[in-house]
Structure formats: C-alpha cells, structure tokens
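Peer 1: Given next are the chains, with one letter for each unit.
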Amino acid sequence: MASFIDHIIGPRIEQSDRQSHAIRYGTPGFLLLLARILLLVSLFVPYWHMELVAPQYPENLHLVAYVNHLTGDVAEIDSLNHYIGMRPLGEAAQIERTIGVYVMILFVLMIELASWIHSRWAVVLVLPVVLFPVVFLVDLHLWMSHFGMNLDPDAPLSNSVEPFVPPVLGTGMVGQFKTIATPGLGLILSSISSVLILVGLFFHRRAYLPHFKAMKAEKAG
Amino acid sequence: MRLKALQSKFLLTAAFIAIGTGNTNAQSINEVQKIANERGLSTADLLAAAKTYTPTGMKDEYVIFSSGGHSGQVFVIGVPSMRILRTIGVFTPESWQGWGYGVGNEILDEGNVSGRENRWGDTHHPALSETNGDYDGEWLFINDKSNARIAVIDLRDFETKQIIKNPLFINDHGGAFVPPNTEYIFETAQYNVPWGADHAPMSDYKDNFRGAVTMWKFDRKKGRIDKAKSFAIELPPYWQDIADAGKLASDGYFFLNSINTELATGGFGVEGEKNPPFEAGVSMNATDYLHIIDWKKAEKVFEAGKYTMIKDFPVISLKDAVSEGLLHLTPEPRSPHGVDVSPKGDFVVVSGKLDPHTTIYSVEKIKKAIANKTFSGQDEYGVPVLDFDSVMEAQVEVGLGPLHTQFGPDGYAYTSLFLDSAVARWTLGGDYGKLNPEPDWTLVQKTPVHYNIGHLGAAEGDTVDPDGKYLVAYNKWSVDRFVQTGPLMPQNFQLLDISEQGTEMPVIYDMPMGIGEPHYAQIIKADKLKSWSVYPEIGWDPTIQAVNPWAPRPKSERIERKGEHEVEIFMTSVRSHFTPEHVTVKQGDKVTWHITNTERAIDATHGFSIPVYNITLSLEAGEYAKFEFVADTPGTFPFYCTEFCSALHLEMMGYLMVEPAE
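Heads up: the protein sequence lines correspond to chains A and B, in order. Sequential numbering of the first sequence, starting at 3, is according to this note's numbering. Sequential numbering of the second sequence, starting at 81, is according to this note's numbering.
Please keep in mind that the hints were generated in silico from the structure rather than gathered at the bench. These numbers come from a predicted model, not from an experiment. Treat the hints with care, since some could be wrong.
[What the hints assert, rightly or not] Taking lysine to any residue pairs in the SDA-like style, the calculated list, with each CA pair at most 20 Å apart, reads: (1) B/K635 to A/E93; (2) B/K635 to A/V76; (3) B/K307 to B/M389; (4) B/K635 to A/E16; (5) B/K635 to A/P57; (6) B/K670 to B/I649; (7) B/K307 to B/N261; (8) B/K635 to A/Y59; (9) B/K706 to B/E186; (10) B/K286 to B/F238; (11) B/K139 to A/S81; (12) B/K377 to B/V402; (13) B/K635 to A/Y85; (14) B/K301 to B/R163; (15) B/K610 to B/E186; (16) B/K424 to B/F358; (17) A/K180 to A/Y59; (18) B/K297 to B/F358; (19) B/K514 to A/W145; (20) B/K302 to B/E186; (21) B/K139 to A/Y59; (22) B/K610 to B/S397; (23) B/K706 to B/P740; (24) B/K309 to B/F238; (25) B/K526 to B/D500; (26) B/K706 to B/L609; (27) A/K215 to A/N83; (28) B/K445 to B/G509; (29) A/K180 to B/K670; (30) B/K297 to B/S397.
[What the hints assert, rightly or not] Selected chain B positions facing chain A (Cβ under 10 Å, derived; list incomplete): (31) V587; (32) I682; (33) A684.
Glycine is no exception: its CB is placed at the ideal position from the N, C-alpha and C atoms.
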C-alpha cells in the first residue's frame, strides 16, 4: 500500500537539492501558482458576452455570463424570447451556475495537489482544469441548442421563427437581431491558465522524471 | 458648447470639401447651391439652416420650458432645432399621458376651486428651480392665472406632482418666481377681489378688494409645497402684475410691479354707466408703483407670529408690512409689464408698455433710500413711496411697447418691443459696461420679429450666469408666416442668434406654436437635466416617486372580490399581453384597478384604455398606476394597449365583462 502511494506521489526531493536547483524545481511551482491565481481571478470577471444588434436598440442588448451568474439585459431578452417560445434564460445551466464556484475552488486545490505529486499522475489531476474552457463553451453550446431547438409551439411567433442555434463564438442572425458572441476576460484567463498548467507540467516532469526513474530503478534493483 | 458649434460649422465645411473626395456618394456644394436656387434661399438662409439643422441622433444644446397659456400645459422644446420634445399635462387633462383620465386625477382635484372641478388652466410663467441663482434642472413651477394656482413638476419624470390653490385670491400673474435657492415660490394676485373671492359690490373696491403676495414654502426633499409653512403679505388692490426675485446684490428682495394704481373699477358698457372702460381707467396715471418687498424680513415677521389668519391662511397685514419696513413702493412708468433683475442683482429693469423707455433702478440706491427714508410721500394705504430720482439709475429709449427684458453674458440686455414688433439689444452700465464695445445705457440693435412679441427668453437669461448664444422671441401673432390652418393662427417662436456682439442678431428659425398660447418660457442648458429614461424600479408610483407596495408583480396578478360590491384587480402589462386578459365584475361593483408595466426597456410604454368608462393611461416602463370606477354600465368592453408597443400590439387587449345585476 505504502509503495502504491509512493508510486502515485512520486519521489521526494531533499531540501538541499531543492535549494541548489531553485530554478529547476521553482519554475513548475511558479507556473502552477500563476495558473491558480488566474483561475481565481477569472471567477470575478465575465466568461462570455453576447451582443444583440437591432435597429430599435441603439445601444444593443447585452448578455454577460459569469461562472455563477448571468447579467445584462436578461429581462428584455427574456421578454423578446417569449414571443418565439424560448424558455427564460434563468432556467438554463442552473446546476452549472450553482456549483461553478465550488468546482473552480476544487480545481485550484487539484492544481495545488498536482504540484505535490511528482509522478505522471499529476496529469490526471489537472486534466479537467486544462479542459475547462472547452467544457465551458461546449456546455454553453449545448444549452443554446437545447433552448433554441425546443421552442414552445404555442408561442405567439412560433410559426414565423425556425428553431435556431446562435454560434457560441462569432456572429449569427435571429430575426432582426444580429448576434455577436465573444469570449470574456474570464474565459481568456482560464485558457491562459490551461496553457500555464501544460507548460508547468512539462517543467514539472522534466524536474522530477530523473528522480522518478531513479526511484523505479532503485526499487527494481 | 464649443464642440456643438464646431459640429455645426463642420456641417457646412463638410458640404464644401465633399466635392474633393473620390466618394461615389459625394454630395457637392453645387447641389446645395442648386437647391438653394430652386427654393430661393439666400446665403443667410443657408447659414441659419447650418446653425439650426439638427440631423438624426444629434441632440439639442438647450431646452425651453414654455408655458402653454390657456392650453393649461407646459411644452418642452429643443434649441436650436426648435423641435417640440413633449407636452407636460398640468392643469388640463391630456389623454396621451393619461393625465386626468385615470392617473393624476387626485392631483388635479387638489386644484379644485371651492369644491368645483376646474379642468383647465392659464399657464403663464414657468420657474425652474435654482441653486445659488442658477437653474439646477430639478423642479419646474408654473402658475395658473385664471384660478390662482401653482403646479409643481418633477423634472426626473417630467410629471406634475402637486397643484395648490391659493386660498386668498382667484387670479394670479406674478408667479411662479423663485429666489436664488428656491426656498419659496412667489405668487401674486393680479385682478383683485375680496379675500377668497367672496362677494362684494364694486363700490367696496378700495376698502375690501385686496392684492397679496403668497410665499409658498417649497420642501425640496419632499418635492412639494408645504402649505403649513407658507404665508402671504397683504397688498393694496393695484393689480400687481409681474415679478422677479432679487439675487446676489438684491438677494432677499422681491420686485413686483402694478398696473391699476388708479383703483379703476371699470363698468363700461352698461347703459347709464359713465365709467371709462378698464383699458382707459387703468392707464390714467403717469406712473404706477414698483413694489419692493423684503421677503427675508417678511419671513421673520411670519415666524414671530405677527400675522392674522384669513381664509385659514396666515397673512401679514398691510399695516404690519409697512410698520415692519418690509414693503416700499416707488413710481414706475405707467402700465408697466416687465420687471427683471440683472444677472448680478444690482439693477432692476422695468418697462412701461406705454413708454418707449426702459427704466433701470439701482439696488444700491434703493437700499440707501430705504435706510435714509428718502420718501416722496406715501400712497393712500400708507405705504411709503421711495423718491423716484433717488433710486433711478438710467432710462434707455429702446422703442415702442417695451415689455420684458432678458440678459446676455456680455453686458447686453434684450427687451421685447410689442408695438415695434422687434427685439432690442441695449447695453447695461455699471460693472457690465466693459463687457462690450458700445457705450453704457445705449440701444445697439433692433431686430424685427413676426409679429407682436410678448415675452422673450435668452439662454439662461434670467439667472446669475446668462449664456447668451440663443434668444427666442415668443411672438403672439404669426399672420402670414405659415400655411393657413383656419382663422386660429399658431403663435410664432422665433430663434435669434445672439452669439455675435454689436448689430448682428439675425432671426434663424421660425417655429409655429399651434398647441397653445405661450407667455413666458425659460431656456436651460440641456445637460443640466437629469431625466430618467425608465422608472428606477418595477412598480414605481410616480405620485410618491417610490415603489408602491400595492403594485402588482409578475405572478401576483389576481382579481380579488372584497365584500359584496367591491372588486380589486391586480394586473401587469408587458409586450404584448395584459395579465389577466379576462376581467369579470358585476354591475354596481366599485372597481379598484392596479396595473404595473413590468418593462425595463427604454421607451417600452404601454397604454391602457377602457371604453365607456373614460379611462386611458400611459404606463411608462416600470410605472404603477391605480384607478377606480363604479361599473354601473353592464356590457362587454375590450380594453387594449393604446401605445403601439410591439409587433403584436394589436393583440395586446382583453375583455372587461360587466355582468348585469339581477
């Protein structure tokens, strides 16, 4: 059992060794710390914007998605959407918005943990974090498809609007509205965080691989 | 301001340079010239167009708040475009705003006279609220001459919030005017009557008919006149005319002129009567009296309890006003109309419409004459009369029929000339003399206007800080200026460019005013107004400027029967439906209808109307309204949204079913 845990967490490094190769061992630690900070900051800024452009809204309508809430002209967009029978936006992604912050905190802890694990198992821990920006967009796309494709057939304008799915990034058209979807700062920060994690892991692996091999060889020997 | 000027210059320049660009859509100055030739427009006309034309999306620099005369309303107009921005329903019901057809009824009822509904008014003199003598853009007050009432309008939503009836007199003209910090709203009587308009024979005129100035205390926090802290000062029955509050050098004073110091009682036209008509009787004396009232002193006298209750309202008697030294008179050219205080408060300009001069009084000299008791005598009511020569500073011959005066930033005064049908520009003396090249107290220019100018307004031209730039002549007649629309002609608002010094002062726009007969109007810089674009929260009650706890919310819509003959309806409106759409009551039910427009989008107004029951509302985004009626007529009544709100606007309706009683 102990050997299994050893195998998972990988070799431990002597304090003196760590001090004499500060760059080697510090670099992955620093990159992963930065990734954690960026993830935390991203909680406070928008992940996604959608702008709806139509003649009678000179300042356009705006939808802003955070990890845990939706803001902007939600009431107005809902009141327009009721004509085509789309459900209120507040009903979308309720679970995601409820647990979003906790998941992000879990992510931060997982990166923290990963930096203590000197084997390739570290990759398993950070993989969900690395994929998070993509998962966010895919989830958003699935909700938009779900809402856009399941319109109430009894709605006032159900005959005049075909089911639709606005692009999750880029521009589209719905009725007289042009939709412009762009990533928010949060999504950008979490994407940078993913890159930092990957680069961090590369250096992490480079720093600890010789020790890992040595440990294995020792065991085998 | 400068940017706007640049933009309008840019317009013309753009037309000139466009020819040089390779743009396929390029419009050239040749086209401008071609159209100018076709339409017979001069270079001056094109220049005027460039100064006033306001393309879509460009906003006006100034806003006029105009009285509506006997339309009983206030009009809001943009400058320099001279486009009507909106009407504000005040004393007269106005169905577009629903004013008096379901909303505002209680406020209109506050203005009932002796228990009778009076559903019109004669608005004359708007007064924007001031802070330190400058417009602050928060409140607007206006009088109703015909029934002596004052209305308070909130400039956050441009709606009337209060109408107050004067208990002492039945007719006012010297209102509304405010002191530099809007502590009070002044209202003075014009056609004098016995207190409370009680009956008395005309032979009692001298003894029983009275003038008065009422000082309505304005509670800015509540946005209402506080009647309990208001009072009046008794005045002789001289037909007090128009007024102005002192500022800076004259802060604490209130100036008021009068027409009928002859105490004429008319009576012309009945066989056997030998009296001259009012028009002659009132114009006999060579001079009338300028009233000089120390209102800060009057406030102290009132607070000391030195007043009597007349018609349940505190009045400082004429006797006490004289003994306390808060009222003085001084002669002014006969039948004066305007009395206007200069920007620094140091001069008072009076124009007698039958005298071609404006007469300028020095405030410093007035104060000195009061202190030294330099009286030429007293009037027949015992009011001391300041010696004219001791208080007069200058007289300027401006032309025939001078009425009202406004001021510019550069030492110019502008006086309307009714008979000459012109605006006169003339120079002030004293500290103002160095601001322009012309000698002091001199006529500089007269620009003809069309026709018969009454009041005039310069941009912020009655404040401590006039802007100049624009002046509007509020002409009474238009005669031949517009396409004939029947024998009732529109008035003519003419915009003058007063930005250049000297004799350059052209008319640059004519605006027909075919919706009322305005008197005075004030012009405020547009950026001082802080109007709401939607009501701050859903369920907002404009009568209390707060969310009403009774306001229906989405999902709380319901119909509640309260006892045998009472029904309460809680309804919401949103594009494009009312909830509920079916409302059934019984004949004879007293119906209380609450309705909230739950929209948050700018301009998403819904109307709400019920036929037969005379109900129409305007519900702006977020607004809550309540109305009541007795469902005495049985039948099937479609209610609907009167404001074209959305693509499915026609579908926004429902049915009120009134079941016949057994």
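Peer 1: Taking the hints in turn, state whether each one holds.
Peer 2: Okay, the hints, checked on the actual structure:
1. Of the supplied pair hints, the one linking B/K635 and A/E93 holds, its CA atoms being roughly 16 Å apart against a limit of 20 Å.
2. Restraint check for B/K635 and A/V76: the C-alpha separation of about 18 Å stays at or below 20 Å, so the hint holds.
3. For the hint linking B/K307 to B/M389, the alpha-carbon distance of about 13 Å falls within 20 Å, and the restraint holds.
4. Of the pairs offered as hints, the one joining B/K635 and A/E16 is violated, with about 67 Å between alpha carbons and a cut-off of 20 Å exceeded.
5. In summary, the hint linking B/K635 to A/P57 is not supported, as the alpha carbons are separated by about 31 Å, beyond the 20 Å threshold.
6. Restraint check for B/K670 and B/I649: the C-alpha separation of about 11 Å stays at or below 20 Å, so the hint holds.
7. Note on B/K307 and B/N261: the hinted pairing holds, with a Cα-Cα distance of about 18 Å set against a maximum of 20 Å.
8. At roughly 28 Å between alpha-carbon atoms, B/K635 and A/Y59 are farther apart than 20 Å, so this suggested pair is violated.
9. Distance hint between B/K706 and B/E186 is fulfilled; the C-alpha atoms sit about 11 Å from each other, no more than 20 Å.
10. Pair hint B/K286 plus B/F238 does not hold up; C-alpha atoms about 42 Å apart against a cutoff of 20 Å.
11. With a C-alpha separation of about 30 Å, the suggested pairing of B/K139 with A/S81 is violated against the 20 Å cut-off.
12. Only pairs whose Cα atoms come within 20 Å are accepted, and B/K377 paired with B/V402 is accepted, the gap being roughly 12 Å.
13. For the hint pairing B/K635 with A/Y85, the CA-to-CA distance comes to about 18 Å; that is within 20 Å, so the pair holds.
14. Restraint check: the Cα-Cα separation between B/K301 and B/R163 comes to about 32 Å, which exceeds 20 Å; the hinted pair is violated.
15. Distance restraint check for B/K610 and B/E186: the Cα-Cα separation of roughly 26 Å exceeds the 20 Å cut-off, and the hinted pair is therefore not satisfied.
16. Between B/K424 and B/F358 the alpha-carbon distance is near 37 Å, which puts this suggested pair outside the 20 Å criterion.
17. A distance of roughly 12 Å separates the Cα atoms of A/K180 and A/Y59; the hinted pair therefore holds under the 20 Å criterion.
18. Distance hint between B/K297 and B/F358 is unfulfilled; the C-alpha atoms sit about 34 Å from each other, more than 20 Å.
19. Of the supplied pair hints, the one linking B/K514 and A/W145 is violated, its CA atoms being roughly 73 Å apart against a limit of 20 Å.
20. Proximity of B/K302 to B/E186 is assessed by CA-CA distance (about 17 Å); at most 20 Å being required, the pair is judged to hold.
21. Pair hint B/K139 plus A/Y59 holds up; C-alpha atoms about 17 Å apart against a cutoff of 20 Å.
22. Taken as a hint, the B/K610 and B/S397 pair is broken in the structure, with Cα atoms around 41 Å apart against an allowance of 20 Å.
23. Distance check on the hinted pair: B/K706 and B/P740 sit about 25 Å apart at the alpha-carbon level, beyond 20 Å; violated.
24. Taking the CA atoms of B/K309 and B/F238, the gap is near 26 Å; set against the 20 Å cutoff, the hint is violated.
25. Taking the CA atoms of B/K526 and B/D500, the gap is about 9 Å. The hint holds against a cut of 20 Å.
26. Among the hinted pairs, B/K706 with B/L609 is inconsistent with the structure: their alpha-carbon atoms are about 28 Å apart, more than 20 Å.
27. Restraint check for A/K215 and A/N83: not satisfied, since their Cα atoms lie roughly 60 Å apart, outside the 20 Å limit.
28. For the hint linking B/K445 to B/G509, the alpha-carbon distance of about 15 Å falls within 20 Å, and the restraint holds.
29. Using a Cα cut-off of 20 Å, the hinted pair A/K180 and B/K670 is violated, with the two alpha carbons roughly 49 Å apart.
30. Taking the CA atoms of B/K297 and B/S397, the gap is about 19 Å. The hint holds against a cut of 20 Å.
31. For the restraint placing B/V587 at the interface with chain A, the shortest Cβ-Cβ distance is roughly 34 Å, beyond the 10 Å limit, so the hint is violated.
32. Restraint check, B/I682 versus chain A: the minimum CB separation of about 9 Å is within 10 Å; hint holds.
33. The beta carbon of B/A684 comes within 8 Å of a beta carbon in chain A, closer than 10 Å, and the hint placing it at the interface holds.
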